[in-house]
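S.K.: Make the full structure from the sequences, and use the hints.
Protein sequences appear in the order of chains A and B. Each step along the first sequence adds one to the number in the working numbering, with nothing skipped, and position 379 is 379. When you read off a place in the second sequence, starting at 1, and then add 1000, the result is the number in the working numbering.
Hints listed in this document are in silico derivations from the structure and should not be mistaken for laboratory results. Warning: the hint list may mix true and false statements.
The calculated lysine-lysine pairs, modelled on DSS-like cross-linking and capped at a C-alpha distance of 25 Å, are [to be verified]: (1) A:Lys504 <-> A:Lys477; (2) A:Lys477 <-> B:Lys1166; (3) A:Lys501 <-> A:Lys318; (4) A:Lys521 <-> A:Lys453; (5) B:Lys1032 <-> B:Lys1082; (6) A:Lys318 <-> A:Lys49; (7) B:Lys1318 <-> A:Lys477; (8) A:Lys25 <-> B:Lys1166; (9) A:Lys25 <-> A:Lys157.
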Amino acid sequence: MQRFTDLFHELDASNRTTSKLAALKRYFSEAPAEDAAWAVFFLTGNRLKRPIRLNLFREWGSEACGYPSWMLDECYDHVGDLAETLSLLITSRQYAQADSLSVPLHEMIEARIQPLREMEVEAQKAMILATWAELDAASCFVFNKLITGGFRVGVSKTLVNRALAEMAGIDAAVMAHRLMGVWQPSAAHYKALFEIGSEGQDPARPYPFCLAYPLEYEATSDLSVQMGAVSNWQIEWKWDGIRAQLIKRGNQPVLWSRGEEMLGEQFPEIMEAVARLRENLVLDGEVLVWDFEAERAAPFAQLQRRLGRTKVGPKLRKEAPVIFMVYDVPEYEGEDLRVSPTAERRARLEELSFLNEGVFRRSPLVVCPSWEAVAEARLESRERGVEGLMLKLASASYVAGRKKGEWWKWKVDPYTVDAVMVYAQQGHGRRAGLYTDYTFSIWDGEVLVPFAKAYSGLSDAEIRRVDRWIRSNTIDKHGPVRVVRPELVFEIAFEGISESKRHKSGIAVRFPRMHRWREDKPASEADSLDSVRALLAK
Amino acid sequence: MVLSSRSSPLIRPTPNGLFCEAGGFYIDPWRKVDRALITHGHSDHARSGMGAYLTAAPGIGVVRERVGEPAVISGLPFGQAKRIGEVRVSFHPAGHLLGSAQIRVERAGEVWVVTGDYKTQADRSCEAFEPVPCETMITESTFGLPIYQWTAPEVVFGQINDWWRKNQAEGRTSVLFAYALGKAQRVLCGIDPSIGPIGVHGAVEKLLPHYRAAGRPIPETVRAHRDTRDMLKGRGLIVAPGSAQNTPWIRQFAPYSLGFASGWMAVRGSRRRRALDRGFVLSDHADWRGLLDTIEATGASRVGVTHGYTGPLVRWLKEVKGLEAFDVPTKFVGETVQSADELGADLKEAERQSE
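M.R.: Shown next, in the form of structure tokens:
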């Protein structure tokens, strides 16, 4: 556990990609495969299935450090991370024996943490308290993180991939492919990362997704300069659903999200349909809730009803029917098509006859003779229930990740509403101790009704100013929430709007964020519920 | 608001700051008053524009840097009492920075102490803290949460020295952010000057003569600017206020590694959001243990808590220690995580004005 603790703190302390990369490479070259497998597991964003209830963990933490739970709450509000709060409190009261540092990472997880799930509460408690007593501050924090989940240490999956690829001396795209799918934290799985051809061995393994950069251009004259002839581009609608890869190689089809989660259980109709196909192939597309009468996508909120479910019953299937909108075919009958041009893959897609039946759709091309026409088509997006346009260079291959100049997403401008800040809460992680999470209201007659929460969009300097304002303009407190004078106006941008029974205002918005701090506007000039509801009709 | 349960408290909060009616003076007032007693020279304690100032004699120099040349400032040696109106006043070392003091106020055998900011850890750059016996104490609580427990300073200085050596080996300049007044000088007195040349930002440099005159062991330094750049670059340590981050001034010393010496660095989030390479947990305030030990050492039965995490500390003192404890409001929320930068900026502003 010592080696992984050192790695964690080295990654955490550094702000420089080169030194993080060096630390990762050093770790992977030194660590035994059974430990390194777990390190990859955590650093690529996986977490253990929670072995114990968090409220118990918190309660035992309070007991171990000798502070009452109200004090633990005060500290937690300040630190913004339970694992860290407990490690600061526990280790300040005791001196570590540091014995368990010699326990290897895989043993700590496999012999101590994972068995917790099967234990009685008293045995769990004894195990946790005994381990805490052995750990120093640094490893106590890492141990707590293993239990509470979520290692965020400023390391992306891309960086882990790069470290492994450089160590193995292979192309990063090949390593990315080997890392795709469900990561098994075993020595064998880890060792396979360094075996030639291992990326093709697992029939369920998806390809690294080909991604698009956002296009910020507005003026069409700029577009033709930057993009060249419009005829070089394949243009499609940008669907507002869940990006997914549908893998069918043999009898066990798999539907993967971009976060590499298996979505099959949530969308059984897609799995049933793909099982009936004769072909073996990999399809890239978007899961959408579909309005079969209007032949258009339903709002994202409908799709959300399906997410996180393990069972989707007939009622939900009927009320929120889904389709798979296909726009690419990275593999066909065992042949890797990723290196062939986008236009060739599109031609292959046109040949697949099943793409117009049942739950399958072929994402139509948006044919435009000029960039002016493209810009005009983009303005139809909202009416069509899409997010904007995708511009794909006809000659581009299907790359792992983003490549400038090949795939672009040109989103429609967001909706904006001027709203008044009414509540504020402290942030977590790197924003702990600062009021960064705000609730905004709009006018319903003379009354302000909450309509959206947002926490992104302000600069660090603005956050500091707003934080200071909040501290001296608090009129009430409810636990961690401060009620502030309804004075500050912010322009809130969002992508979509729909009716909602769960919200006081009767509406729900998608991806709300702060566009601008309207210091020029008094609260009385914020928007009204009526004017926001009018957006529903559009 | 009545400060204590007694009908006429010796010291009470007012819109101008803490007021001692029997002596006709304020302690660390934030609005203009005739007579101000000052605990130390930080900007949330020593404001400009007061009719007359009284502070501990060794602190006159740094207080003057803060409040301006024309101010009328007199000093009282540590431990020496002076009669003001109906009370006797004396200053006692607070260990926060050079000349920082706790203020003891006595009337007819009743003793109050206003601590100002203080720390109980060792610090070669200033006088050592002494607990002052009293009945009523008004304590700061900047780090009044049990998550704050300081590491021994020699360990932290060891970490800073190691970081400096490692940067040198990689050809990087070591830039260490620290409050221009107090922390910067403490760092200078604590590091190993044999490692390499030491540069300081102007806001730090202007305070050094006061420390040197007081015999504090400040090593040889140069002002970090264009003329000393080649000497410092890649091997020197530069001590600067946090406000220097992201300025053209700092960029001339690139490539560098950025460190910050502050008690706030104990929490991961405040370290990470500042985009630093290293955070060193070094504070000029008392940690949780230091606060509790000090309160106990004074023997105070009533404790007013101000500047920081007043709520949790007040509750702890009441429920666990069985003391009479209460919140003392202040215009300043105390030094907070984000004011770390701003205090530096404040001094920089003062420097600009004086030039």
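S.K.: Hint by hint, say whether it matches the structure.
M.R.: Hint by hint, here is what the structure shows:
1. A:Lys504 <-> A:Lys477: holds (20 Å)
2. A:Lys477 <-> B:Lys1166: Given pair lysine 477 of chain A, lysine 1166 of chain B is violated - Cα atoms ~47 Å apart, limit 25 Å.
3. A:Lys501 <-> A:Lys318: Satisfied, since the Cα-Cα distance of roughly 20 Å is no more than 25 Å.
4. A:Lys521 <-> A:Lys453: Holds - the C-alpha atoms of lysine 453 of chain A and lysine 521 of chain A are around 20 Å apart, at most 25 Å.
5. B:Lys1032 <-> B:Lys1082: The hint holds at about 23 Å.
6. A:Lys318 <-> A:Lys49: Answer violated: lysine 318 of chain A to lysine 49 of chain A is near 32 Å, above 25 Å.
7. B:Lys1318 <-> A:Lys477: Holds, at roughly 22 Å.
8. A:Lys25 <-> B:Lys1166: holds (19 Å)
9. A:Lys25 <-> A:Lys157: holds (14 Å)
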